[in-house]
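Residue numbers (the numbering used here), protein chains in the order written: chain B, 1 to 259; chain W, 260 to 570; chain S, 571 to 858.
Since the hints were derived computationally from the structure, they do not count as laboratory data.
Watch out, some of these pointers could steer you wrong.
Restraint-style ranges between C-beta atoms, simulated for each label pair [claimed, not checked]: (1) R263(W) - L661(S): 32 to 40 Å; (2) T783(S) - S113(B): 44 to 52 Å; (3) V354(W) - G236(B): 38 to 46 Å.
Positions of the beta carbon are idealized from the N, C-alpha and C atoms, including for glycine.
Okay, here's what each chain looks like letter by letter:
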Amino acid sequence: MSERPIIAARGVTRRFGGLLALDSIDLDIPRGIVQAIIGPNGSGKTTLLNALSGASHADAGSIRIDGTEVFGLRPHRIARLGLARTFQTIRIFTNLSVLENVEVAAACNRPGSLFDVVMATARQRSGEAEIERSAREALEIVGLGGRAGDRAAQLPYAQQRLLEIARALAAKPDVLLLDEPAAGMNMTESMTLLDTIAKLKARGLTILLVEHNVRLVMGISDRVAVLDFGRKIAEGTPVEVQRNPHVIEAYLGRRHRHA
Amino acid sequence: MNNRIPLALGAIAVLAIPLTTHDGYIIQLLNIAILNAIVVLGLNFATGWTGQINFGQAAFYGLGAYTTAIATKAGVPWIATPFLSVVIVTAASLVLGLPTLRLRTYYLAMTTIGFGEIIRLIIVHWEPVTGGTSGLRAIPGISVFGLAPQGQIQHYYLLIAVLALAVLVAVRIRHSSLGRAMIATKDSEIAAEQSGVDTTRIKLLAFMIGAIYAGLAGCLYASSIRFISPDSFSGTQAVLLMTMLIVGGMGSIAGCIIGAVALTILPEALRFMGQWYLVLYGLGVIAVIVMAPGGLASVASMIRMRQASPR
Amino acid sequence: MGQLVVNGLALGSIYALVALGLLLIFNTVQIVNFAQGQLLMLGAFIGITGAATHDLPVAVAWAVTMLAMALIGLVFMVLVYFPLRGRPPFLVILTTIAMGIVLENLALIIWGPLPVSLPSPVHGAPLRFFGVVISMHQLFIFGTLAVILLLQFLMLNKTRFGILMQATAQDLHTARLVGIPVNRTIAVAFAFGAMLSGIAGLLVAPIFLAEPTMGGSLGLKGFVVSVIGGFGNLPGAVIGGLFLGLIETFGARYISSNFRDAYAFIVMIAVLVAWPRGLFGEKSSEKV
Numbered sequence: 001m002s003e004r005p006i007i008a009a010r011g012v013t014r015r016f017g018g019l020l021a022l023d024s025i026d027l028d029i030p031r032g033i034v035q036a037i038i039g040p041n042g043s044g045k046t047t048l049l050n051a052l053s054g055a056s057h058a059d060a061g062s063i064r065i066d067g068t069e070v071f072g073l074r075p076h077r078i079a080r081l082g083l084a085r086t087f088q089t090i091r092i093f094t095n096l097s098v099l100e101n102v103e104v105a106a107a108c109n110r111p112g113s114l115f116d117v118v119m120a121t122a123r124q125r126s127g128e129a130e131i132e133r134s135a136r137e138a139l140e141i142v143g144l145g146g147r148a149g150d151r152a153a154q155l156p157y158a159q160q161r162l163l164e165i166a167r168a169l170a171a172k173p174d175v176l177l178l179d180e181p182a183a184g185m186n187m188t189e190s191m192t193l194l195d196t197i198a199k200l201k202a203r204g205l206t207i208l209l210v211e212h213n214v215r216l217v218m219g220i221s222d223r224v225a226v227l228d229f230g231r232k233i234a235e236g237t238p239v240e241v242q243r244n245p246h247v248i249e250a251y252l253g254r255r256h257r258h259a
Numbered sequence: 260m261n262n263r264i265p266l267a268l269g270a271i272a273v274l275a276i277p278l279t280t281h282d283g284y285i286i287q288l289l290n291i292a293i294l295n296a297i298v299v300l301g302l303n304f305a306t307g308w309t310g311q312i313n314f315g316q317a318a319f320y321g322l323g324a325y326t327t328a329i330a331t332k333a334g335v336p337w338i339a340t341p342f343l344s345v346v347i348v349t350a351a352s353l354v355l356g357l358p359t360l361r362l363r364t365y366y367l368a369m370t371t372i373g374f375g376e377i378i379r380l381i382i383v384h385w386e387p388v389t390g391g392t393s394g395l396r397a398i399p400g401i402s403v404f405g406l407a408p409q410g411q412i413q414h415y416y417l418l419i420a421v422l423a424l425a426v427l428v429a430v431r432i433r434h435s436s437l438g439r440a441m442i443a444t445k446d447s448e449i450a451a452e453q454s455g456v457d458t459t460r461i462k463l464l465a466f467m468i469g470a471i472y473a474g475l476a477g478c479l480y481a482s483s484i485r486f487i488s489p490d491s492f493s494g495t496q497a498v499l500l501m502t503m504l505i506v507g508g509m510g511s512i513a514g515c516i517i518g519a520v521a522l523t524i525l526p527e528a529l530r531f532m533g534q535w536y537l538v539l540y541g542l543g544v545i546a547v548i549v550m551a552p553g554g555l556a557s558v559a560s561m562i563r564m565r566q567a568s569p570r
Numbered sequence: 571m572g573q574l575v576v577n578g579l580a581l582g583s584i585y586a587l588v589a590l591g592l593l594l595i596f597n598t599v600q601i602v603n604f605a606q607g608q609l610l611m612l613g614a615f616i617g618i619t620g621a622a623t624h625d626l627p628v629a630v631a632w633a634v635t636m637l638a639m640a641l642i643g644l645v646f647m648v649l650v651y652f653p654l655r656g657r658p659p660f661l662v663i664l665t666t667i668a669m670g671i672v673l674e675n676l677a678l679i680i681w682g683p684l685p686v687s688l689p690s691p692v693h694g695a696p697l698r699f700f701g702v703v704i705s706m707h708q709l710f711i712f713g714t715l716a717v718i719l720l721l722q723f724l725m726l727n728k729t730r731f732g733i734l735m736q737a738t739a740q741d742l743h744t745a746r747l748v749g750i751p752v753n754r755t756i757a758v759a760f761a762f763g764a765m766l767s768g769i770a771g772l773l774v775a776p777i778f779l780a781e782p783t784m785g786g787s788l789g790l791k792g793f794v795v796s797v798i799g800g801f802g803n804l805p806g807a808v809i810g811g812l813f814l815g816l817i818e819t820f821g822a823r824y825i826s827s828n829f830r831d832a833y834a835f836i837v838m839i840a841v842l843v844a845w846p847r848g849l850f851g852e853k854s855s856e857k858v
């Protein structure tokens, strides 16, 4: 009983000038797991995420989300196909409230017609109510329900990261890409984050987790892929990867990299 | 809701203004201020919310005015002119909007300035149709099935009603996924895209809606002031509209109105200063930008916040 | 037709000078000065005041003007650059436009709205080649452009200070960290940027008569040139300027002289449609 992987990437390649940021990456992510992508600085993790989400297209390769080819599609089309992401540097909508931030994504598959908006039709009102309900639900999951009315810019850093996750959730994705979600968090905050990720997995989401902090990731991931210099050098369960000599070498490095 | 009382008082005050003066000139000035407010509200969609610099708003204003003036002088019944104006400015907004979608900041500013200049040049040089630099006078007024407002005061109430409608639509848009998508596009285009927002469509839509506001305001301008010339829709006007948006408070609906009214009345009040008025205007704008970039609306909310939490 | 070429190139050289001033400032502090045209206008009027009103010999008037423009550039820097450091580009655009309005109206107050003329610093019979007339003034324009380009090249590449300026232009923060006197390079950029526009004004006035509202369209053409040539690219600005001068002159002659000013914009829009980041890429765009 082989189920189709939710993400199937083949030969994904990306060049920046003379630099080969992604070197023909192949990656299959089965449905419902937490897949971690780790690797030293500059190994191409974020570039890979950008390619998958459409934020910065790869130069070559095939990317299928649940069987549908998405290579070259604009990010909003990929989002509407069920892939949501957070960012390495926080990109919340500072001029919107916490609730509105999430509502932007909650409207994901419902662009809405100008006529309905201007005329304040019943359809518009019920659509808005649904969006608000959906957004509040997402905020509850990450624990920000109480701050819905606050200006997003006023949230402390760690909560802004959670807001990004809530926003991504509101788009009702099948796959969630998290780009270094624990960056800048202290121990307690990171533990809360891990609990949240576990909750999401329990709800059936597939999670792709890019993290620089290796120890943090090992506890929660089902599978780990390791990138180095744009190539996938190892793949497997956390335990397998931890013992892999190539991985150890990449991090400690005979090839010394300026960190 | 404690919003209602000040709002009601404000409404009563606004409606009572014409009773305080019999000077037709002042009422006409207020009418122009109201029209400017509608244009600035339109500008707010593209520039205030979506973050797309637009120095072409005065051109849309002018297109609406000239379309209406030319049509009514040619005998077209007035009732058709709002629709005509909307069609013309929508087409123009696509002509300007589509090529500029991928432009940013400086290039966008220059392109919209250029667009405004081209429109102005066409108006100035197409003399047989537009009257050239002298403009068009004796433009027929508003007339719907025989009903026509007479005198500046009746126009005032009509324009207030139109402004109220414009505000209502703007509020509805703000509190819908369209409005949120616009602001999201400005705050972080990438994050908006990843949240499912088609930022290209949003930018174009914001542009178009803004142009329609300006076009309709232009239609009403021609029909109520009854005289138009290219000077009212020049590049300097485009800059003035932008300053009204900024001084009032970019992104704030109330700010648009405050800015428009304040900066329409100010030049008249300071008319005695002659040329110095514009010098002070420019310096004033710089001062506002440096000290209160959120405009008057932000000053108001800063005061409110200080009152709420005394330290 | 050869005459059109000569006239076009002369006009284009002036546009190139405006663009060079614009780019000098932009390269150093990443600000597009929408008041650059008004600086040109000031240069013309200060020169006129010196030469006509005070009967200074034209050469002296030129010297005084260049000095005055440098000072004005510094004042500009203090009023516009320092208060607005770090603010979003949109606000900077508005501020420089506002400055332009201030300068234009100050000029209207001081000198009145009527056009005035300025004699050229050079005299003599025009050259004639194959039916083409090149006036002494046009030669002077070409000569001035060449001299300025040479000086600019030498200064930027062969002097120590010039290299510091390039470093500041590439990365202001790092330059400051490394100990480069960044404020000094910025001051020089503003001073010279204003001076270049002032020189352009002194060159334009003998051809077209000066009036306080002349700055608007000339400034805009400076931007157009920068866009065509590629923002930040100095040789590109020169080529772009000459190119625009030719297009405008030929367009005015063969298509319509009423829309003279529009040709610049049409060309610019055409370029931007094909290359939205400008011919050589623009620095402001959201990184992922």
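Which of the numbered hints above does this structure break? Going through the list in order, the structure violates hint 3 alone and respects the others.
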